[in-house]
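K.L.:
Next come the chains, spelled out residue by residue.
There are 4 protein chains.
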Amino acid sequence: MAHTVRVGISVLRRPDVMIIFLSEGMSSAHADEMIKGLNDFGVTAHRTVFGDRQVVVTSIGKPGSRPDDETLQAGIRSAYHVERILVVDTSCQLANRQVRPEGSVVRAGTFSVGGGHFGVIAGPCTVETERQTCETALAVRDAGATALRGGAFKPRTSPYAFQGLKREGLKILAKARRLSGLAIVTEAMSPEEVKLVEEYGDVIQIGARNVQNYRLLEAAGRARKPVLLKRGFSTTIEEWIMSAEYILAGGNDRVILCERGIRTFEDYTRFTLPVAVIPALREMPHLPVVVDPSHAAGRADFVLPLAAASVAAGADGLLVEVHPDPKSALCDGRQSLTFEEFKRMMRQCTDVRACIG
Amino acid sequence: MAHTVRVGISVLRRPDVMIIFLSEGMSSAHADEMIKGLNDFGVTAHRTVFGDRQVVVTSIGKPGSRPDDETLQAGIRSAYHVERILVVDTSCQLANRQVRPEGSVVRAGTFSVGGGHFGVIAGPCTVETERQTCETALAVRDAGATALRGGAFKPRTSPYAFQGLKREGLKILAKARRLSGLAIVTEAMSPEEVKLVEEYGDVIQIGARNVQNYRLLEAAGRARKPVLLKRGFSTTIEEWIMSAEYILAGGNDRVILCERGIRTFEDYTRFTLPVAVIPALREMPHLPVVVDPSHAAGRADFVLPLAAASVAAGADGLLVEVHPDPKSALCDGRQSLTFEEFKRMMRQCTDVRACIG
Amino acid sequence: MAHTVRVGISVLRRPDVMIIFLSEGMSSAHADEMIKGLNDFGVTAHRTVFGDRQVVVTSIGKPGSRPDDETLQAGIRSAYHVERILVVDTSCQLANRQVRPEGSVVRAGTFSVGGGHFGVIAGPCTVETERQTCETALAVRDAGATALRGGAFKPRTSPYAFQGLKREGLKILAKARRLSGLAIVTEAMSPEEVKLVEEYGDVIQIGARNVQNYRLLEAAGRARKPVLLKRGFSTTIEEWIMSAEYILAGGNDRVILCERGIRTFEDYTRFTLPVAVIPALREMPHLPVVVDPSHAAGRADFVLPLAAASVAAGADGLLVEVHPDPKSALCDGRQSLTFEEFKRMMRQCTDVRACIG
Amino acid sequence: MAHTVRVGISVLRRPDVMIIFLSEGMSSAHADEMIKGLNDFGVTAHRTVFGDRQVVVTSIGKPGSRPDDETLQAGIRSAYHVERILVVDTSCQLANRQVRPEGSVVRAGTFSVGGGHFGVIAGPCTVETERQTCETALAVRDAGATALRGGAFKPRTSPYAFQGLKREGLKILAKARRLSGLAIVTEAMSPEEVKLVEEYGDVIQIGARNVQNYRLLEAAGRARKPVLLKRGFSTTIEEWIMSAEYILAGGNDRVILCERGIRTFEDYTRFTLPVAVIPALREMPHLPVVVDPSHAAGRADFVLPLAAASVAAGADGLLVEVHPDPKSALCDGRQSLTFEEFKRMMRQCTDVRACIG
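Chains as they are written, first to last, in the working numbering: chain A, 479 to 835; chain B, 479 to 835; chain C, 479 to 835; chain D, 479 to 835.
A few of these clues could be false.
[As the list claims (entries may be wrong)] What follows is a set of in silico ranges between Cβ atoms, one per label pair, in the way DEER data are often shown:
hint, chain 1, residue 1, chain 2, residue 2, range
1, A, A652, D, L657, 54 to 60 angstroms
2, D, E818, A, E761, 33 to 39 angstroms
3, D, L657, C, Q576, 44 to 50 angstroms
4, C, G811, D, E677, 51 to 57 angstroms
5, C, G503, D, R831, 51 to 57 angstroms
Please keep in mind that the hints were generated in silico from the structure rather than gathered at the bench. Quantities reported herein were computed from a predicted structural model and do not represent experimental measurements. All C-beta atoms, glycine included, are put in the ideal place defined by N, C-alpha and C.
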C-alpha cells in the first residue's frame, strides 16, 4: 500500500479532503488506529462521530500532499473496515449534502424537522412567568406547533436591559414541557449554559450574534442534544455552513439552520428576509432549514406573509414568537403574534405546504 | 370665503397637501378656474387627471402657507363641483392608498392586475427573432400567462453588448400579439421610445436603472398606456413610490410596481428578493405589485421557489423570463425558464394562490 | 494578409477586443476604410474619436472569431497609418488605464483635474438667486475652488419639490462665471438639457440616479464639453466604469468620475463613503476621480473629515456644497458648508495633499 | 428627602438614567449603601467602577418611575459623598462622552491611545514562530509602532483551518515584549482565554465575530487590562457602543474601539471602510477610535491609502498587519505589509497627522 499511496499523493492537485465512514460497530480505537496508519504516509487526519459512526477526516494540507486518489482509497478499504469514503471540497465537509443526500431529519421528542417533516417552534421571546409560558405552550400546541420556544438567557444589546430569568426560566420551560408534551427550544450563550440547556431543554439554540462564537460552537459540538443555529445579521451562506461544520466536526450531527433575516439598507422591516436562502441551502448542506419570520419582520402584521412565503419556497419549518398579550411582553412584543393570529398563520401555512412538492 | 381661508392657512403647521377630485364631467377648464381661485388666496396648485377625473393638487410650500383646514375645504366645496377632498402627507399623494382604498386594477387587453386580478407576464429577455417570440407567446399563453414580455430596447451595462432590435423588435412583438392575443409589455428608455412602445405595445416598462430618470417618468405620465415601474437596485420603498407619483402626477393613473430584487452583500443570487416588500406596498400605495423572480434569482432553478414565495406573500402578479432554448438565448439565458419549467411554475403558483386570502 | 489573419483568428480563445489608434491627421474616412477592410475578414468593428485621434474598436463577437494576434496587427499596421494598437479585456476598453497609462487630465477653463492637477468644485446645491450664486462664486474662488457648481435642473425624489430654475438658472451661472472666472459644473437630466448645459456651462454633470440612463450617456458622448459622472447609490465599480465607457465610446474622452457615497445598512450618515474606491479606480480606468463628501455625509460637520480622508487616499479633486446661509437653503442646507467652513476645509485639504505622493 | 423624591419621580417622562460618581476614596461599601437608599425610594440601581471611582447607575425602569430631577439629585448630594451626577440617555451611559468630555486615554506600557495620543499596533496576523514574531516586533518598533499584535487564538471560519499556537503563542509574544519593549495586543475568544491574555499580554482584543458575545464582554469587563473591541461586520454604531458599555458596566473603563470595515455589496475590497465612523464616534462615546485598514482592504496595496484616510479623518490609532514575508504567511498574507511598506505607511501617516487639528 505504501508505494502506491505515495504515488497517489504526489499527483494530487485539488484542495480536497477525504471523509472516511467506518463500518457499523467500529470504535474510536479503530479510528485512532486508522489515523496512525495515515500519519505513517504523511497524511494528517482527525476523528469525529457522525450519527452513530466513527468518522476519520483527513486534514487540510498543501495541495500535492493530500490523498484523494483511488489507490489510497483502495489501500484504506483493504486495511480497515470502511463503510464509505467521500472526497469533498474543503469548504463544507460533514455538512456537505453528499454526506447525506436524502437530507437530515432532526428529532427531539414531539419535534421532527427535515426530510419531509415540518417543524413549528412557537412561543414567547422571553420566559416571563410560569403562567405566561404554560398558557402559550398549550395554545401553540393546539394550533399545531411541535415545539415550544422561550428565552431563559437573553442576549440583549444593552447591559441594562432584562437579561432573562436564567436557570429559573429553564425550570419553567421544563414544567411547560411536562404540561404540554412539547419539546423545548431555548438559547445558550456560553458553554456552561449549553450544559444547562442540555439538562432542562431539548434543542439548544445558538443566536445570530453567536454564529461565529467558536468556543460556543465547539461546546455545542460536544452536546448530546440537537442544535438550532441562527444565521448572523450579515453572515454569508458559506460562513454559516462552516459554523455548522464546527458543530458537526465536534461530533454532533443534529444541526438545524435557522434564517432570521439579514441587514440591508431596507428600513421598513427590522431585517430583510432573503427567501432565496431556502433553495440555496437545499443544494449545499444536508441540514434542515427553518425560518424565523418574527425577527425578520420586526412587526406582527408581516409575520404571516413572510411565514407563508418561506413555506412556499420550501422551508422545513418555522420559528415564531407568540405571546398571550403582545402589548405587555417584556421583549419583542411588537413582533409577537397573539394566539388567534398564530392559529390563522398555521392554517394558511398548512394549506400552502400541501401545494408544494 | 376669503377671510376664513386666510385664517385657516395661517394656523397650518404640518407639511400636508390637499388633493381635490372634481365631480364627474368637469373639464380641465374647471380645474384651471379652481387653481386661479386658490392662487388668489396665496395657495399654489397644479392640475392633473386621475382615472377620468380632473384633480387639483395644492403644491408644496412652507409650513404655515398651506391649506388643510376645514374652512378652506368648505369654501372650495361651496364654490366648485367637487367629488371629494383628501388631505395627505406629502411623501405620497396620488399613489396614497387613501386615494383608492380598494386598490387599483390595471387593465390592458388580456392583462389585468390588482384588486384580486392576478397578472402573469412571461417571455424572453430580448426579442431575437419572430419565430422565437411567437413560439414563446403561444407557449406561455397556453400555460396561463396573460401578457407577453420581450425587450426591443435593451439597457445593457456595456455599450458594446447587443442593444436590442429596436423598432424591428416592436414590430415582431405586435405580430406576436396578433397571433396569441396576449397584451405586450416592453421597455422604453427615453421619451421617444415611450411613444414607440405606446404605438406598438400595451404596457410601457420602465427598468430598474431608470427608476429615477425623471424626464422618462414625466413622459410616462403623459402616455395613454399603463406603466410597469421596476424598482431600482437600491431604491428605498419611499423613493420608488415617489417615482410612481411622478407618473401619476403627470396624469397617468395606471401604474404597476415591479420588485426585482435589491443589491445586498449576498452573492449566491444575482440580487436579493426582499419578500416583505409585498405586504409593505399593500399598506402604502394603492398600486398593484408584481414580482420578477428571474432577475432577483439570476438562475432558472431558483425562479420557481421565489415565484411561489411571492404569490404566498400576496403579490398581484409575476414577470418571468421564458425562452424556447435558454442555452442559446442572446441575453439572460441562465435565468430563463424553458416552456416546461414555466408550466410547472404556473401550476404551483396557481395552487398556492388558491390558499391565500 | 488574408490567410495569416484567418489563421490568427482561428486560434483565439479570450474575449478580447482590439483598439486601433490611427495616426495624427487621419480622418473619419480613413477609419471607415479600415472598418471595411476588417469586415472583409469577418471582423466587425466601429469607429469613434478619442482625444483628437480616430479610433477603431473591433466589436465583440464569439470567442474564436476575434482578432488579437500579432499577424492581424502586423497586417493592419502595414495597410493603414496606425499609431498604436491595444488588446484589452472587454469589460473596460476606452476607459482602460492601458489606453492612457499616465492618467487623463480633464480641463475646462480654470478647472483642471487628474494627472497631478487637483480640482475643487464648490457651490450651492441649487441656483436660487443671482445674488446667492455670485456671492458664493466669489467666496469659493477666493478660498481656492477652481470651479463653481450649482443646479439648474434638479432631480428631486418628489415631483412636487422645487425642480430648479432651469434655463433661468443656467443664465445666472453664466453670469457668475463672467464675474468670478470660474468654470461652471452643472447637471443635465436629458439629451435636451445636455445641449443647454453645453451652451451655458463648462462641465456636464450626470447625477447618481442617471448613471445607467443610457440615452443620456449617449448624448453626453456626443457633447463637446467634459462630463462629470456620479456613481449611483449601489452601482458596482465595474458598472460605473462601463457607464463611463458609453460616453467614451460616443467620442467624448473627457470624463471625470465622482464618488458620492453608497447605500448600506449604516444610518448615521446619508450614504457611506467607501474610501477604498479611490485606489481601486486608480488601477483600472485612466479617468480622474473626484469625491463629493457633502452627499456622502449628509451633514456639514462631517464634510471636512470626509474631504480630508478622500484627499489622503489620493482623490484628484472634491465637489462640495457651499451656501451663504445654509439654514435658508432651498435644498440640502443640512449638508452645506458656510464660506468660513469651506475656507477651513480648503486649508486642511491643501496641507494633507502636500503630504502625499 | 423622601417626599420630594417621590414627587420628582412622578413627573418623569423620558427614559433616562442617572450616573452617580462617588467622591475619591469612597469604597464599594459606600456605593452599596447608596443603592440601598435608592431602593427605599423604589429606584433600582447597580454599582460599578469607572477609573478609580465607585459609580452607581440607576437601572432602567418604565418611564415615570425613574429619577432624573433636581430634587432627587439634591437629596443624593446631601446624603452621600458625591463627585458628580450625570443624567444621560439610556442607549449609551458609561461610554457617553458626557462622562469624560475630554476623551479617554488608554495606556498599556509603551502604548497610549486617545486624547491626543496616537497608537500604532502592528504585527503578524498569527504568531507562527518565535523568530517571525520577534523579528517583526523589532522592525515595527523601529518604524514607529507602539504595540505589537499577533494572534495566538485564531477565530477561523473553518474548523479545519489552523487555529493558532494558543498558550505557546502567548509565550512567544511575551518574549517579543521582553525583546522589543512593545506592549502586546492579542485576541481572546472565551472567558478562559481572557485570563490567559491578561497573564501574558497587555491589551485584550475582542474580534469582530465576538462583538456581541455577551459572556465574553462580561469577562472583559472583569479584566484588569485594557480591551480593544472590534466592530462586527454589520454591527450598527449604537450596537457597538452598547457592547463597549457591557465592558464599562463590568468595571473596566479602558476600552478602545476598532473599526475594521463593514459588509456591503462592494466586492473589490474584502470589507468597506466607512470612514465617517471616525467623526461619528468622536461625538458620541469618549473612547479612543482605532482603524484596522488591513482587514478592511483585504489587500496590501490598499492599506496605505486607507490608513492615511483614517488618520486624516481623525483616527486615534491604527492596527496593521505586518509580516517578514507575506507570501509565506499562514494567514492573511495577501493583506500583510512587508517591513518596508510599513515604514512607508508610517512616514505618510505621521505627515498627514501633523496637518490635522
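K.L.:
Decide, hint by hint, whether the structure agrees.
P.N.:
So, going through the hints one by one against the coordinates:
1. The hinted window of 54 to 60 angstroms between A652/A and L657/D holds, with their beta carbons roughly 56 angstroms apart.
2. Checked against the hint of 33 to 39 angstroms, the pair E818/D and E761/A fails, with Cβ atoms roughly 46 angstroms apart.
3. The beta-carbon spacing between L657/D and Q576/C, approximately 47 angstroms, falls within the hinted interval of 44 to 50 angstroms.
4. In this structure, G811/C and E677/D meet the distance hint of 51 to 57 angstroms, their C-beta atoms being roughly 56 angstroms apart.
5. Distance hint for G503/C and R831/D: a CB-CB separation of about 52 angstroms, consistent with the stated range 51 to 57 angstroms.
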